[in-house]
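*Asks:* Dock chain B against the given chain A, drawing on the hints supplied.
There are 2 protein chains.
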Amino acid sequence: MIIDCHGHYTTGPKELGDYREQQKAELKNDPLVAHLKGEINITDEQLRESIVNNQLKLQEERGTDLTIFSPRASWMGHHIGNSTTSKNWTEHCNELIHRIVEMFPKNFVGAAQLPQSPGASIQTSVDELERCVKEYGFVGCNINPDPSGGFWNDAPPLDDKYWYPLYEKMVELNVPGMIHVSGSCNCTLHTTSSYYLGADTTAFTQMMMSKTLFKDFPELKIVVPHGGGAVPFHWGRFRGLCDMLELDNLNSIIENNIYFDTCVYHQEGIDLMLDLVPTENILFASEMIGAVRGIDPLTGHFFDDTKRYIDGAKISDEKKQMIFEGNIRKVYPRIEQHIAKHF
Amino acid sequence: MIIDCHGHYTTGPKELGDYREQQKAELKNDPLVAHLKGEINITDEQLRESIVNNQLKLQEERGTDLTIFSPRASWMGHHIGNSTTSKNWTEHCNELIHRIVEMFPKNFVGAAQLPQSPGASIQTSVDELERCVKEYGFVGCNINPDPSGGFWNDAPPLDDKYWYPLYEKMVELNVPGMIHVSGSCNCTLHTTSSYYLGADTTAFTQMMMSKTLFKDFPELKIVVPHGGGAVPFHWGRFRGLCDMLELDNLNSIIENNIYFDTCVYHQEGIDLMLDLVPTENILFASEMIGAVRGIDPLTGHFFDDTKRYIDGAKISDEKKQMIFEGNIRKVYPRIEQHIAKHF
Chain A
56 MIIDCHGHYT TGPKELGDYR EQQKAELKND PLVAHLKGEI NITDEQLRES IVNNQLKLQE
116 ERGTDLTIFS PRASWMGHHI GNSTTSKNWT EHCNELIHRI VEMFPKNFVG AAQLPQSPGA
176 SIQTSVDELE RCVKEYGFVG CNINPDPSGG FWNDAPPLDD KYWYPLYEKM VELNVPGMIH
236 VSGSCNCTLH TTSSYYLGAD TTAFTQMMMS KTLFKDFPEL KIVVPHGGGA VPFHWGRFRG
296 LCDMLELDNL NSIIENNIYF DTCVYHQEGI DLMLDLVPTE NILFASEMIG AVRGIDPLTG
356 HFFDDTKRYI DGAKISDEKK QMIFEGNIRK VYPRIEQHIA KHF
Chain B
56 MIIDCHGHYT TGPKELGDYR EQQKAELKND PLVAHLKGEI NITDEQLRES IVNNQLKLQE
116 ERGTDLTIFS PRASWMGHHI GNSTTSKNWT EHCNELIHRI VEMFPKNFVG AAQLPQSPGA
176 SIQTSVDELE RCVKEYGFVG CNINPDPSGG FWNDAPPLDD KYWYPLYEKM VELNVPGMIH
236 VSGSCNCTLH TTSSYYLGAD TTAFTQMMMS KTLFKDFPEL KIVVPHGGGA VPFHWGRFRG
296 LCDMLELDNL NSIIENNIYF DTCVYHQEGI DLMLDLVPTE NILFASEMIG AVRGIDPLTG
356 HFFDDTKRYI DGAKISDEKK QMIFEGNIRK VYPRIEQHIA KHF
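Going down the list, the sequences are from chains A and B. Residue numbers for the first sequence follow the numbering used here, beginning at 56 and rising by one. Residue numbers for the second sequence follow the numbering used here, beginning at 56 and rising by one.
Chain A extracted, bound-state conformation (with noise of 0.2 Å):
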């Protein structure tokens, strides 16, 4: 089985963006207005249409087969008005990932996009991912360690408390967290390049550093995506800050908490990231469809079939396979629940 743990439901229908263009109407009256929840009116018709030419049709063409799937992460705005616009949206935006779930769970199997909201308590999320756990059987979770959507001046870094009822939440249900910002409202960072990629490396960098938060939380497990942003090419880097900083050797402080996932999208950067990275800490993904749509001109294939690249690289089986499912499995173990049901 080919476990595709990074993929983002954006191709939903039109009515999703009218709801969210609702809010920031009503927003733009008052931005303390406390939303009504209200309705998404979205037939299973419109769902099975956004799927079954999209997601459906290139798991099959790339031979993958179940993929851990979440809101539109450019989509979640953290930083759009108060703390019940993101309630609300965040609710809708994973009950429509459940209903896709129930309608294609050989194919999907879901992770909860979190309320965060400037200023707010994490308390709204963790109440989130209880509920899409619990009711959904949701196996993981979207954290945005920058819900200022680009300015870094709002949550703190992710060893502090604040974040710790959710890591204490995340433990208690056995879920592990993906590091994902959300769109850049700020014009110098760029949402799927810049800011996605500075947003990974800054996550990493904060928990690297970190004395405290996985002795704190030894269970706790997080994936940063995007390979990582810029940590496996700056390798030697890392490891030496490390060894200045008087931390523990890189591979040490990875080893049970942290991932890296293969949304790298050429054979020379996985390449790099298989002959560093060790192999227990890398898990499969494509964010696929994503950021980068197109067919690479060097290859005739999409830039973002990431598995024809683990496909191609010169490690052994037993290491892909480590890679496209294995690993996949200890780090989001809910997931056994949903695989026995559904195959």
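None of these hints come from the bench; they were simulated from the model. Honestly, I wouldn't trust all of these hints.
A pair holds if it fits inside one copy or across any two, identical chains being indistinguishable in the list.
Said to hold, decoys possible - SDA-like, lysine to any residue: derived pairs with alpha carbons at most 20 Å apart:
id, residue 1, residue 2
1, Lys375, Asn304
2, Lys374, Arg103
3, Lys161, Thr334
4, Lys266, Thr246
5, Lys224, Glu274
6, Lys112, Ile344
7, Lys270, Pro352
8, Lys369, Leu331
9, Lys369, Glu323
10, Lys369, Thr65
*Replies:* Leaving out everything else, chain B in the frame of chain A:
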């Protein structure tokens, strides 16, 4: 000749830090204070000593010749104080570089810190660049894309007209600029890892996505340090984004305008870069004595002894010569006058 295009004066005597503390004390009393420039009493003997046992010793041990030397990047601190704070501090820092170059002209040639300051016009930077080039024979400058120190809320993207007076002067004087943020005052970002690497990626992305910058300034040359942050590792993502956003292809975009230095502190990272980035766009650099000062236990050599990685790379001697010398002499054409005079 082996030219290192990225070295900072990180080993200054105590008096340098004392001056900065004095500025901060004045700012504490009055954030708008118009500081007097005053003096920093550092003797030639102190300067000599701070260099001989550090950069000069390592140049000799490693077999590099001439370093393009600028003030300590993490101490530029553009976010501190007001425009007089930055102007006085910058002038002093550049004057120390000038004295060091006068003392050791076979080892160093200068690159200017610029007196950027939040909310301030770029004109003081234009003036300081001209002073350093015309009076001191400096051959380049460092451009801080985020004078806010980590909040990305001050300067606009690098293709904004805000920067144009600086680019006009750079082109007129025939000097390139190296992108370089300074110390982070944002607790979420660590200066020499997440902030530096994220800023490199961000600056690159701003330039890559601009449809005007290199049309308006076809002669402008920008060096992105630390191997270009995350860019070479994500070369496929950036190629794919160029395609999706209907930009030129990536190699064409960088061809005559954007260069990456080799401050990547392990063989695998350097190899990836050499494999993907056109040789013409790679400039030798070590950043010594900089962010990572230790010895790599895996090799027994300094992490930042980047000459070893180029020496060890499987590329032709001709390409090595381009990286070590030829490309740098093209990108920093004013270095010819310095070399003609002192070699």
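*Asks:* For the identical chains here, do lysine 369 and leucine 331 meet the 20 Å Cα criterion within one copy, between copies, both, or neither?
*Replies:* both (13 Å within a copy, 19 Å between copies)
*Asks:* Within, between, both or neither: how does the pair lysine 369, threonine 65 come out at a Cα-Cα threshold of 20 Å?
*Replies:* neither (32 Å within a copy, 42 Å between copies)
*Asks:* Can you tell me if lysine 224 and glutamate 274 fall within 20 Å by alpha carbon in one copy, between copies, both or neither?
*Replies:* within (11 Å within a copy, 56 Å between copies)
*Asks:* At most 20 Å between C-alpha atoms: does lysine 375 with asparagine 304 qualify within a copy, between copies, both, or neither?
*Replies:* The answer is neither: 25 Å in one copy and 32 Å across copies each exceed 20 Å.
*Asks:* Regarding lysine 369 and glutamate 323, is the shortest C-alpha distance of 20 Å or less found within a copy, between copies, in both, or in neither?
*Replies:* Both: 11 Å inside a chain and 15 Å across chains, each within 20 Å.
*Asks:* At most 20 Å between CA atoms: does that hold for lysine 270 and proline 352 within a copy, between copies, both, or neither?
*Replies:* neither (47 Å within a copy, 26 Å between copies)
*Asks:* Within, between, both or neither: how does the pair lysine 161, threonine 334 come out at a Cα-Cα threshold of 20 Å?
*Replies:* Cα proximity of lysine 161 and threonine 334: none, with 26 Å in one copy and 47 Å across.
*Asks:* Between the shortest in-copy and the shortest cross-copy C-alpha distance, which are at most 20 Å for lysine 374 and arginine 103: within, between, both, or neither?
*Replies:* Answer is neither: 35 Å inside a copy and 54 Å across each miss the 20 Å cutoff.
*Asks:* Using 20 Å as the alpha carbon limit, work out where lysine 112 and isoleucine 344 are close: within a copy, between copies, both or neither.
*Replies:* within (11 Å within a copy, 53 Å between copies)
*Asks:* As a check of your reading, is lysine 266 near threonine 246 (CA-CA no more than 20 Å) within one copy, between copies, both or neither?
*Replies:* between (30 Å within a copy, 18 Å between copies)
In this structure, the hints that do not hold are numbers 1, 2, 3, 7 and 10, in rising order.
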